[in-house]
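Read off the chains here:
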Amino acid sequence: MTTYILKRFLQLIPVFLGATLLVYFLVFSLPGDPIVALFGDKPVNEAVAAQLRVQYHLDQPFWVQYLLYLKSIFTFDLGQDFSGRPIAAVLGEVFPVTARLAIMALIFEAFFGILFGLIAGLRKGKLFDATVLVASLIVIGIPIFVLGFLLQYFIGVQLAWAKPTVSSAATVQDLILPAIVLGLGSFAYVLRLTRTSVLENMSADYVRTASAKGLSRFKVVRVHILRNSLIPVITFLGADLGALMGGAIVTEGIFNIPGVGNRLYRAVLSGEGPTVVSIVTVLVLIYCLSNLLVDLLYAWLDPRIRYDS
Amino acid sequence: MKGDTLNASVEIQEAEIQEAGFAAVRPLLEIKDLAITFATSNGAVQAVRNAHLTIMPGETVAIVGESGSGKSTTALAAIGLLPGNGRVSAGQILFDGEDIANAGEKRMIELRGNSIGMVPQDPMSNLNPVWKIGDQVKETLKANGLPSGPDDVATVLSQAGLPDAARRAKQYPHEFSGGMRQRALIAIGLSCQPRLLIADEPTSALDVTVQRQILDHLDKMTTELGTAVLLITHDLGLAAERADKVVVMYRGQVVESGPSLELLQNPQHPYTQRLVASAPSLASRRIQVAKELGVESDELLAPADATAAGPAVAEDVLQIQNLSKVFKLRSGFGKSTDFSAVDDVSFSVKRGTTTAIVGESGSGKSTVAQMVLNLLTPTSGKIIFDGVDTSTLNSREIFAFRRRVQPIFQDPYGSLDPMYNIFRTIEEPLRTHKIGDKASREKKVRELLDQVSLPQSTMQRYPNELSGGQRQRVAIARALALDPEVIICDEAVSALDVLVQAQVLNLLAELQSRLGLTYLFITHDLAVVRQIADHVCVMEQGKLVETGSTDDVFDAPQQDYTKALLNAIPGARLMLPPEVA
Numbered sequence: 472m473t474t475y476i477l478k479r480f481l482q483l484i485p486v487f488l489g490a491t492l493l494v495y496f497l498v499f500s501l502p503g504d505p506i507v508a509l510f511g512d513k514p515v516n517e518a519v520a521a522q523l524r525v526q527y528h529l530d531q532p533f534w535v536q537y538l539l540y541l542k543s544i545f546t547f548d549l550g551q552d553f554s555g556r557p558i559a560a561v562l563g564e565v566f567p568v569t570a571r572l573a574i575m576a577l578i579f580e581a582f583f584g585i586l587f588g589l590i591a592g593l594r595k596g597k598l599f600d601a602t603v604l605v606a607s608l609i610v611i612g613i614p615i616f617v618l619g620f621l622l623q624y625f626i627g628v629q630l631a632w633a634k635p636t637v638s639s640a641a642t643v644q645d646l647i648l649p650a651i652v653l654g655l656g657s658f659a660y661v662l663r664l665t666r667t668s669v670l671e672n673m674s675a676d677y678v679r680t681a682s683a684k685g686l687s688r689f690k691v692v693r694v695h696i697l698r699n700s701l702i703p704v705i706t707f708l709g710a711d712l713g714a715l716m717g718g719a720i721v722t723e724g725i726f727n728i729p730g731v732g733n734r735l736y737r738a739v740l741s742g743e744g745p746t747v748v749s750i751v752t753v754l755v756l757i758y759c760l761s762n763l764l765v766d767l768l769y770a771w772l773d774p775r776i777r778y779d780s
Numbered sequence: 136m137k138g139d140t141l142n143a144s145v146e147i148q149e150a151e152i153q154e155a156g157f158a159a160v161r162p163l164l165e166i167k168d169l170a171i172t173f174a175t176s177n178g179a180v181q182a183v184r185n186a187h188l189t190i191m192p193g194e195t196v197a198i199v200g201e202s203g204s205g206k207s208t209t210a211l212a213a214i215g216l217l218p219g220n221g222r223v224s225a226g227q228i229l230f231d232g233e234d235i236a237n238a239g240e241k242r243m244i245e246l247r248g249n250s251i252g253m254v255p256q257d258p259m260s261n262l263n264p265v266w267k268i269g270d271q272v273k274e275t276l277k278a279n280g281l282p283s284g285p286d287d288v289a290t291v292l293s294q295a296g297l298p299d300a301a302r303r304a305k306q307y308p309h310e311f312s313g314g315m316r317q318r319a320l321i322a323i324g325l326s327c328q329p330r331l332l333i334a335d336e337p338t339s340a341l342d343v344t345v346q347r348q349i350l351d352h353l354d355k356m357t358t359e360l361g362t363a364v365l366l367i368t369h370d371l372g373l374a375a376e377r378a379d380k381v382v383v384m385y386r387g388q389v390v391e392s393g394p395s396l397e398l399l400q401n402p403q404h405p406y407t408q409r410l411v412a413s414a415p416s417l418a419s420r421r422i423q424v425a426k427e428l429g430v431e432s433d434e435l436l437a438p439a440d441a442t443a444a445g446p447a448v449a450e451d452v453l454q455i456q457n458l459s460k461v462f463k464l465r466s467g468f469g470k471s472t473d474f475s476a477v478d479d480v481s482f483s484v485k486r487g488t489t490t491a492i493v494g495e496s497g498s499g500k501s502t503v504a505q506m507v508l509n510l511l512t513p514t515s516g517k518i519i520f521d522g523v524d525t526s527t528l529n530s531r532e533i534f535a536f537r538r539r540v541q542p543i544f545q546d547p548y549g550s551l552d553p554m555y556n557i558f559r560t561i562e563e564p565l566r567t568h569k570i571g572d573k574a575s576r577e578k579k580v581r582e583l584l585d586q587v588s589l590p591q592s593t594m595q596r597y598p599n600e601l602s603g604g605q606r607q608r609v610a611i612a613r614a615l616a617l618d619p620e621v622i623i624c625d626e627a628v629s630a631l632d633v634l635v636q637a638q639v640l641n642l643l644a645e646l647q648s649r650l651g652l653t654y655l656f657i658t659h660d661l662a663v664v665r666q667i668a669d670h671v672c673v674m675e676q677g678k679l680v681e682t683g684s685t686d687d688v689f690d691a692p693q694q695d696y697t698k699a700l701l702n703a704i705p706g707a708r709l710m711l712p713p714e715v716a
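One line per chain: the protein sequences are Y and R, in this order.
Letter 152 of the first sequence, counting from 1, is numbered 623 in my numbering, and no numbers are missing.
Letter 31 of the second sequence, counting from 1, is numbered 166 in my numbering, and no numbers are missing.
Next comes chain Y alone, as it looks inside the complex (with noise of 0.2 Å):
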């Protein structure tokens, strides 16, 4: 198992030159001059710009400037935004944020989408399943931003059972009704793969057996069907948190959150080349992470898989 798991970091290196390659390229590549845009509607002050030009190393070729890029993230220098904040200290401030939106999403839809996905499956055909049903497809259905944007009106404004916005202190509470918003769709998806993988394994063999063996229904489902359902979920949901990282610009956008999405958007927007780089480098290794966490979860709930040999 720890050949396997070095073997998988060891990947984890021309995925990260890839990556970091890539959207560097893709940024170089962007229409526009950066350093003009930064004077927005001033007039254009030629002895600053190519000041800033040489700090920045945009007057270097692109191997140069993607070269210089890497050496500063190996010396632990990631360098400074158009703002002249450290990008190190701009990570540090929205990384946390967005992860606790992530993770309390994950934890949302994987509790919610489990729970009601093992009710449907185990009363397949009764009310709860149909609406369940019926609910989760109007769930997929909707476009994120919409259903934002009803929950922040009702929830947040009509009913003022949580808070519209987020503060800059991005609280747990405050993060409720975002999480909630962030995990709808990927909730919807949770439930229909219980649902499916519970109605399989109920009629599997092994779990006639357990009850001929005696047990009590709740230790059947929880013992047999459960467990050998949760295996494509854990799957699912591992994949999810990278996406949920990456993907929370919408919610974050909607809600004001001060989270990757929204810094990754401004930067994306002003061609703070190494930003974008910088913030999806880090989404890259997190998805990678997440994805090397699904593997080892899978042969921990599935004996069958070995990773040795």
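Think of the hints as simulated: they come from the structure by calculation, not from any bench.
The reader is advised that the hints may include incorrect statements.
[Claimed, not checked] Here are some of the chain Y residues that sit facing chain R, going by a computed Cβ distance under 10 Å:
id, residue
1, 600
2, 604
3, 677
4, 775
Cβ atoms here follow ideal geometry from the backbone N, Cα and C, with glycine treated the same way.
Chain Y is already provided as a structure; the job is to place chain R on it using the hints.
Just chain R, lined up with the frame of chain Y:
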């Protein structure tokens, strides 16, 4: 110490049973006028009607029938485990006097495990793959209020004949062989010493010798514990050998029941008569008994007739010389170990005859078949087909070779393309070999369907609309399409019900006498060999241990292994008069 306490509890239970027996001879299980209905989208379907059977304490009763006869459904009703859409619509199931036909789930949970145990059919799918064997035994003990420490689990497993039980308990099902899994399932079924054990085809997925060992062990354990057994099986020979009474079910009804030997010797219902006549284990036993009485065996079996008439020329169409196949098994970090699947095997097959290769799983018999079909390259040795070494053939010659040697595989579900209709399935080899034009190919397909006794309307149908037996007929028709000389049947009838199996074997024999075909028949079922083969090759762990004419091998087996295989045929110990047929 453990053994002592267990023996003591066994004695107590026996004493209780005797006591109960003296008090009143009440049946342990009595099924009266049972009807079971399944709710389907096409309305209610009655799976079982007017079923009745009685099991006395400690008695073994077998229900025999083909798939879909309602035998498993009846047994599942007795333990309250009918599938969701099924229910008991009429009648009673009296367990020790208590009607449990529509008992609540709570009462059934109390009964399951410690009063009524179950050993299910398929050892591959009945253990939860994600839990250790020990955990699955432990939860059974725990649910029934018995001590469930690691020692108790190990005792239960070792009583079911699992060696090294304490260590084995820590393994997962996928680390067990089929036989070991079935032992674990038997351990689970008997762990709480139930008074009734429902054994649903407990060994049908296993090799014959393993089957015998496990059934013997089950017999021994249930006798010691005084457990009554409801044995579900499709094999009449096995039922007759293991059970005191046999109940025959056909299309949801009990057509006949009675003491095993009586029923076997004097079947009343036409279905039972057909079953007795075609059960392979019984048929082969009948030949043996007949021989002892001086009757010619050929007269007893239609298939034997045909094969006997077939061969006239005694030319070797296939010669297998010192054939070996070594597989490299990976054992981590680029290392590999050699595994000899087939080891120095030599035999020859005469034109127009049937040669059977017999052995258990892992004996290498299918590997031989694949090498003969030129689908696997031998590590060493030669396969000479019609005087030519098949390893020297170039791709064009192999193409021609394929036309002359055709396979029929085991699984009639997997070997037909579900997206092809039957016409396209049978026509495909003709098209591949560019034989004839559209019209003549269609004519040929019609002829082939006639030959395998399928109506011509079958052409437009798809595999999923056909039964297992019909699919196997399609597979035979496809194999015959190219007018081959040799047909390799790899377990071609193993997946079929006995009556269907008998029909397919008859068909193969008839085709052989009509077309002069040569069969190489790969099977684990000696009873089938007895009916169809002229020569037998017995394989064990890659080696050919015995070869000879079918009569010689069956009448005077030379090797211990062959004797063990022959003994393991269910019904081998029965004494049957030949006129049963």
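Given a cut of 10 Å on the nearest C-beta pair, is the interface hint for residue 775/Y held or broken against chain R? Given a least distance of 5 Å, the restraint on residue 775/Y holds.
How about residue 604/Y: closest beta carbon in chain R under 10 Å, or not? violated (18 Å)
Take the shortest C-beta to C-beta distance between residue 600/Y and chain R; is it under 10 Å? Violated, because the Cβ-Cβ distance from residue 600/Y to chain R comes to roughly 13 Å (cut-off 10 Å).
Have a go at the residue 677/Y hint: is there a Cβ in chain R nearer than 10 Å to its own Cβ? holds (4 Å)
Violated hints for the displayed structure, listed by number in ascending order: 1 and 2.
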